[in-house]
Each structure stands twice: as C-alpha cells, then as structure tokens.
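Trainee: The primary structure of each chain is shown beneath.
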Amino acid sequence: METIKKQTILIVLMLFCFSVLSYAQAKRKANKDTEAWRYEIEAVQTGVQGTYLIKVWSYSKKPDVAIEQAKKNAVHGIIFRGFAGRQGVQGQQALTSNVSLEQEKADFFDSFFSNGGKYMKFVASTNDGAVAAEDRMKVGKEYKVGVIVSVNVAALRKDLEDAGIIKKLGAGF
Amino acid sequence: MKKTLRKIALTITIVLSLTVVAFSQAKKPTIMVVPSDVWCNTNGYMMEFDNQGTKVKLPDYKKALQENADLLLVISKINELMATRGFPLKNLESALKTLENNAAEDAMTTSKSGAELSESPVDKLKNVAKADIWIQMTWTVNTTGPMKSVTFNLQGLDAYTDKQIAGASGTGNQLLGAALPVMLETAVLSYLDNFNVQLQSHFDDLFANGREIILRIRKWDSFDGDLESQYGGEELGTQIEKWVSDNTVQNRFSTSDASENRMLFEQVRIPLYDANNKAVDARGWARGLQKYLKDTYKIDSKLTMKGLGQATLTVGEK
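These protein sequences, in sequence, are chains R and P.
Heads up, the first sequence is in this note's numbering, so the first residue is 83 and it goes up one at a time.
Heads up, the second sequence is in this note's numbering, so the first residue is 6 and it goes up one at a time.
Honestly, the hints are just simulated from the structure, not real lab data.
It is possible that part of the hints are untrue.
For each label pair, taking beta carbons as the anchor points, the in silico distance ranges come out as [to be verified]:
hint, chain 1, residue 1, chain 2, residue 2, range
1, P, Ala74, R, Glu186, 43 to 51 Å
2, P, Met52, R, Asn180, 44 to 52 Å
3, R, Ala245, P, Thr309, 53 to 61 Å
4, R, Asn113, P, Tyr278, 53 to 61 Å
5, P, Lys299, R, Gly246, 39 to 47 Å
6, R, Gly246, P, Ala74, 37 to 45 Å
7, P, Asp75, R, Asn209, 28 to 36 Å
8, P, Glu85, R, Trp119, 29 to 37 Å
9, R, Gly246, P, Thr89, 15 to 23 Å
10, R, Asn180, P, Gln255, 36 to 44 Å
11, R, Asp146, P, Thr89, 34 to 42 Å
Glycine residues also receive a C-beta, built at the ideal position from the N, C-alpha and C atoms.
Isolated chain P (complex conformation) (with noise of 0.2 Å):
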C-alpha cells in the first residue's frame, strides 16, 4: 500500500515538473518573409484603391507570389535557412491561402438554426495575414555593361514597436553573365547569418529586459468621466501611470501621450512570465491593468489586441 502511494506521488510530482517546465516556455514570436514595399512598387505588384478620395497603393503580395518565380526562391531559401536553425518561419504565401480559404468556409458557416458567423468590421480589418516580426526584404539588380550584381536588403521589423530589429545589407560581386536566381541565393547566403546574429541579440535582450510592448488607453464616450476624473485621490491617467511603472521590468516605459481621452505607453517592458511561471504577451499583462481598474475603482473596460506586443484598453465600458 505504501509502496503504492509512493508510486502515486512520484508521478504526481513528475507530472507537475513537466507542467512547470512547459510553462516556462516564453511565448515564441512568429516571423514571416516578405517583399518590401519598394520592390513590389519597382516590379508592379501594387494595387490601387480610392479611400474616401485619396489614392492608396498598398502590396499586392498575392499577385506577387504567383507571378515572380525569383521572390519565392527567395523566400523559400530564408525559410528552409532558418528552418535549419531551428527557428521555422510562417510562409506568406500558405497564410494568404489559409486566410481566403478561412473567409470562404466563414461566409458558409450557418448553425442548425440559420445563424450566421458573428464579424465586426474591425474583425474583418483585422483579417490579414500576421507576424509578430516581420522580415522585410529587398533587392535591385545592377547592370554596369555585361556586368550584373545584385544589391540585398534584410530588415527585421517589429510588428508592434515598428523598430528595427535586424538588419543586413549589402552588395555582391559583379559578374558576367550569372543568372539572377544564383545571385540572389549567393546574398540570401550572405546575409543571413548576420542577420541571425542580430535576431539572437534581440531575443536575448527580450530575455533579459523582458518583451517590449505598446499599451494604448482609451474612453467610451459613454463614460462617465475622463482620464482625468479623480479616483482614489488622484487622476485615473495616473492612477493607470502608477500601475503601469509597478508591473513593468524595472519600471520600463515612457507615457508618449496623454490627454483626458487617451494615453500612449511606448517601449513598456513586460515579464515574460507572471508570478505562477506562466507565460504572458501584452493581453495577458494589460488583463491585470483592467482587473486592477474594476477591482479597485469599478470601471469596467474593454481589452482589444493585436499580436505579442500591442494591447487597446478602452475604459468606460465592455
């Protein structure tokens, strides 16, 4: 019986070390490949629409993607690199399916009794194609008489801070009569594993300084009062400031704005894990600022995201 119950706790003791160990897993960043919107505007891979009067051209990856038989090389073989490394990429091209194919399932999608799929227009704004960090690439070909060489461009891009957190450029030796698809295999080559260093640095400054978000404040208008209506003795914006310097890793942010309406939280660092080792992004650390809100002052608020990195909390109401 003993021998039993012992049997029992140690599998009840490995069984949470796992747990533990699984939870202690940061939240892995998802990066994806894709032309700059310079090269899509040089080769015509552009569309145009009319926003309310004024012309807006925006990347036509699709098109893109099914015309140029050198971008998918290209992006094929960053992807299969960097698979390599351990590190796979979403590809843009099967995400762009995946989306369309999603959207035709979702317009059929009628419960036993009729009922449509509920869809906000901000849900369908948000219907596009997402990474927390984006690999912008670039290249031009240089012709000088015979001689061919191709300038590269790779910039990480943070989806949610819009810095850069890589980059490698440069360009490649002028040849006679290579063919393009062996140059730019050659700079894909290159560059990369510089690029990767600089990756690595960011991931080990996200380690060590905790993961760089953005938090936005915001009010209904049907609220009852302001971001500088007092609770507790002071203005909610500070109260919301106050909370916000307690949570973040040593106290890392800067307010970029702040009126009675709205406030802007730039570089915020949050923890990678909360206080039971479990893995948080910007929703789950802004879940504790609106928890904080209702608990302490009873305002009710609503939690809007966008990635890893980016948290909308509107005060006022759900």
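Chain R extracted, bound-state conformation (with noise of 0.2 Å):
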C-alpha cells in the first residue's frame, strides 16, 4: 500500500516538474522568438493620447505563452519596428531608426526584457487578456495567438530618452 502511494506522489512530482520544465522552455522559445523578430503587429485604432491601440500576433506551443508574450512583443515592436496602418488607422514608426541599437544597447535590453522587466510598465491588455476566437489559430505544432494591447508610447519613448537610449527631439539643441 505504502508501495502504491510513494509511486502515485513521485509520479505527481515528476508531472509537476515535467510541466513547470515545458512552460519555462516555451517561455525560452518565446523570449527567443521575440528577439528574432517573431511576431507581427497590427494596428486597431488610434488610441488615446500618448497610447497605442495594437493587436500582436504572437506564436507559441502553449496558447498562455503566446498571451503572456504579447506584452512583451508589443513594447519591442513599438521601439524596433514600428506597425503598418490599414483604412482609417495611421501604422507608425519605430521610436528609433538605428537598426543596431538593440545590438549597441544590449546591457539595457536585457534586463528592459527580462521576465517582469521595465517594459512591464508601459503596456496593458485589453479585454484581461481575453482573446477573441478567431485571433486562436493552430499553425503547424504552434498556436498563433492575436491580442489586443495598449502601449504607453509617451511614457516608454520618455524612459528611453531619460535613459539615453534614443535621442529626444531636437537634442544638441
């Protein structure tokens, strides 16, 4: 009996630990993603002065991943990337246009993007976190998951400024 029960809690541990292990490396495989430029941002509406209303498109395993890393994708997308318009709604461009600064500036980025880092602040999800079933779909081995965010941008661009990561408007002025 005794037999039974030390076999039921080792396994129970070893699903645990198997589980935690499998979330920590997609969470790996995300961070990853996002530095290779995996995700895709599109844009929603103009959203309220000095925010940006988005929808990042993020690609994971596990569906909670891809959620939680939209966060994540978004703020990188705002610095680095900058989103295209569609009918009616103004796409904008990168806060920076030096295509090395995340190479040049790496010390900062890391822990910016560091689980729970800074880049926490700046962003929101609407809707809790709810996604919409149609922004749900398989591709493959993956789920590709859209949500909908809202980047702080005056207040992240302001951060980087203070920071000296990107020029403020008219410095040297």
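Please dock the two separately framed chains into a single complex, following the hints provided.
Mentor: Rendered as structure tokens:
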C-alpha cells in the first residue's frame, strides 16, 4: 500500500516538474522568437493621447505563453519595428531608426525585456487579456495568438530618452 | 594661500567649462503652426488688397483664430504634444498679439528730446510673424451620406530653403455622428508622431551635414564695379564663390544664379559652430564673407538677414 502511495507521489512530482520545465522551455522559446522578431503587429485604432492600440500576433506551443509574450512583443515592436496602418488607422514608425540599437545597448535591453522587466510598466492588455476565438489559430505544431494591447508610448519614449537610449526631439539645440 | 589659489583655479575651470557647454548648443529653430492658404481660402479667412493694380489674396490668420474654435483646438493640441516632446512651439495667436502690441508701443515711443524710432520701409515689411520652420496644416471634412471622415495634412516647411522637411497626411475612419473636434483631435494624435520622426531626421541631417541656408549677393548701383570686375586676378564673383566653397561643410553649395549684378547660392551647408565653438547662423557665417571682402579687397558691404537661414550681402557700401 505504502509503495503505491510513494509511486503516486513520485509520478505527481515528476508530472509537475515536467510541466514546469515544459512551460519554462516554451517561455524561453517565446523570448527567442521576440529576439528574432517573430511576431506581427497590426493597428487596431488610434489610441487615447500618448498610447497606441495594437494587436500583436505571437507564436507558441502554449497559448498562455503566447498571450503573456504579446506584451513583450508589443513593446519590442514599438521600439524597433513600428507597424503598418490599415484603412482609416494610421501606422506608426519605430521609436528608433537605428537598426543596430538593440545590439549596441544590449545590457540595457536584456534587463528591460527580462521576465517581469521594466517593459511591463508601459503595456496593458485590453479585455483582461481575453482572446477572441478567431484570434487563436493552430499553425502546425504551435499556436498563433492575437492579443490587443495598449502601449503607453509617451511614457516609454520618455523613459528611453531619459536613459539616453534614444535621442530627444531636437537634442543638441 | 596655496589652497585659496587652487580653489580659485578650480572655480575658473568650472565656469569656463560651463561656458563652453553653453556655447556648444546649436541655435534652435523656432517652429510655428499655421493654417494653410487652402484652408483659409476654403473657410473664407482671406484678405484681399490691391497691389499696383493686381488683386492679391493673403490669409487672414487673426480673423481665423478669432472665429474658428476648431482651428484653435488643432493648434493647441499640436502645441501641447510638441511641448511634451520637449520642443515647445511658438504660438501663432500670441505672436500676432505681440506684433500688434509692439507696433502700438513703437508708435508711441519718443525720446526725451521728442525723437521717434527709426523704421525703414523694409523694417515695416519684415514686421510679420516669423518662424524658422512652419507647420502648415489643412483639413477637409468628407461627407458620404450620414458618414463623415477627416482628411488631414501636416507639412513641415523650412522657411528659408522652401523645402518640405516633414509631412504626414491621410484620411481617418468614416464615422457616424462623430463630432468634428473629436475627429480632429484623433487626426492630430494619429499623424504627429510620424511627423516628428521626419522632423528628427531633418535635425539629424542638420547636425551631420550642417545647416542649409541661402546666400544672396547683390550690389548697390553706387558700387564702382560689379561682380565681374577683377579682384586679385579673378572676377569678384569667382572670389566670393571660392570663399563660400572654403567655408561650407564638405564644400557643399550650389550656385543657382550668377550675373554681374547678383548671385544666388542655394543648398549652402554651413557648420553649426565656428572655430571658437560658438553657435552660428546664416548671418554670423556671412559676416565672415563681409569681413573677407573688406580686409582683402577693401569692399564695404551691407549684411541683412532673415531668421537663421537666409542672408543677403549687398556689396558697394553699408
């Protein structure tokens, strides 16, 4: 009887560890995808003053990871990539035009985009992160999930300017 | 005693360093938002006057600002957003009021002996609202049945080179029953960031390749000679051209027009700082040419300016 108990506990523990490891691996993969720019951003609407309202499509084997990663991708995209507009909604250019900025300021961005890093201050998901059915797609072995987020671009820009990462408008005058 | 001397030396060093830092700031261009001529014409804010038989129409900014609340809203929104970016703009309405007040004050100002202020016709002509960069905006409301949308156009224009240095335009969503002020506010929020990206590129170019200015050379009819007269073995115009070439960033300029009476240099790239690390503008830079002509060829000249980017040198006398 005791042997069965021990075996059950062992199996539960193993399953738990496996699930934690698998989640961590999915998260690491998602972070690598962000670094490799593997996400898409589309305009949703003109945000309220100082914000952009965008939909971020992220990829992961676990939909939950994709939803969480969307916030990181959103901030990453606003800084380095910008996004195209659509009928009636204007696209926006990236906060930096320096294509090597991420490598040049790697120390700053490693900590900025670390899990629970400062990027969290500038992004909020709408609808409590709920994803519409048509925005969750299975593509091969992974999910492609579209999450609508609001990025506080005014605060983000100011933070990067104050940290000397990007130039202020008219710096040098 | 030694300690006191050291302290004094340290203080002098700090003061000198601060002075150098202060001088190392380039001259900041002023920017002002104005409605475009098209907008003023469409909305009936034009004034017409007779210029020697030809009817000339000019935008009446004062009337537009006094009568159109939407215009005030758009200007104020752009000013507000630019101020949050650390680049406050000159306000058109305030500039017009200051001009009026100054004109009234100048008219009343007399010295103790009763002398009035000197003002030439050119001074009067130049007494208008000035900016180095104009943000010209236009909007039109499109109506399709009950739906409305706003087409918005922002143009950043260099006042001296007449080049468009930034721009953003487009048409917003078609909306049912939306108020115009809300649509305009949305348009400003949508377009201003992209506009500023281009403005930033213009500033980056300015720091990398120098300020782009226009230099005009003219001659007084009292001048004994002209720009084709021989000075130092070459024509005066050629000597001037050589000086311009030697004193521009990477010798970048183009001679757009040259005759015995006048020359026009465009796309002249002048350095932002002189040899003493002091910020220079078109006038400061052209003063070098004025001094060169005086010292080398004993030619007097009159230097006039227009903002940071246009200088005119009239040779022959002051």
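Trainee: It remains to establish, for every hint, whether it holds in the given structure.
Mentor: Each hint, compared with the structure:
For the pair P:Ala74 and R:Glu186, the supplied restraint of 43 to 51 Å holds, since their beta-carbon distance comes to about 47 Å. Distance hint for P:Met52 and R:Asn180: a CB-CB separation of about 47 Å, consistent with the stated range 44 to 52 Å. The hint said 53 to 61 Å for the Cβ distance between R:Ala245 and P:Thr309, and at roughly 45 Å that hint is violated. One distance hint, 53 to 61 Å for the beta-carbon pair R:Asn113 and P:Tyr278, is violated here, with the actual separation near 45 Å.
For P:Lys299 and R:Gly246, the Cβ-Cβ distance of about 45 Å falls inside the hinted range of 39 to 47 Å, so the restraint holds. Separation of R:Gly246 from P:Ala74 is about 41 Å and conforms to the stated range, judged on CB atoms against 37 to 45 Å. At roughly 34 Å, the beta carbons of P:Asp75 and R:Asn209 sit within the given window of 28 to 36 Å. The hint said 29 to 37 Å for the Cβ distance between P:Glu85 and R:Trp119, and at roughly 34 Å that hint holds.
The hinted window of 15 to 23 Å between R:Gly246 and P:Thr89 holds, with their beta carbons roughly 19 Å apart. Distance hint check: the CB atoms of R:Asn180 and P:Gln255 are about 23 Å apart, inconsistent with the given range 36 to 44 Å. Roughly 36 Å separates the CB atoms of R:Asp146 and P:Thr89, a value that falls within the hinted 34 to 42 Å.
Consistency with the previously given hints fails for numbers 3, 4 and 10, ordered from lowest to highest.
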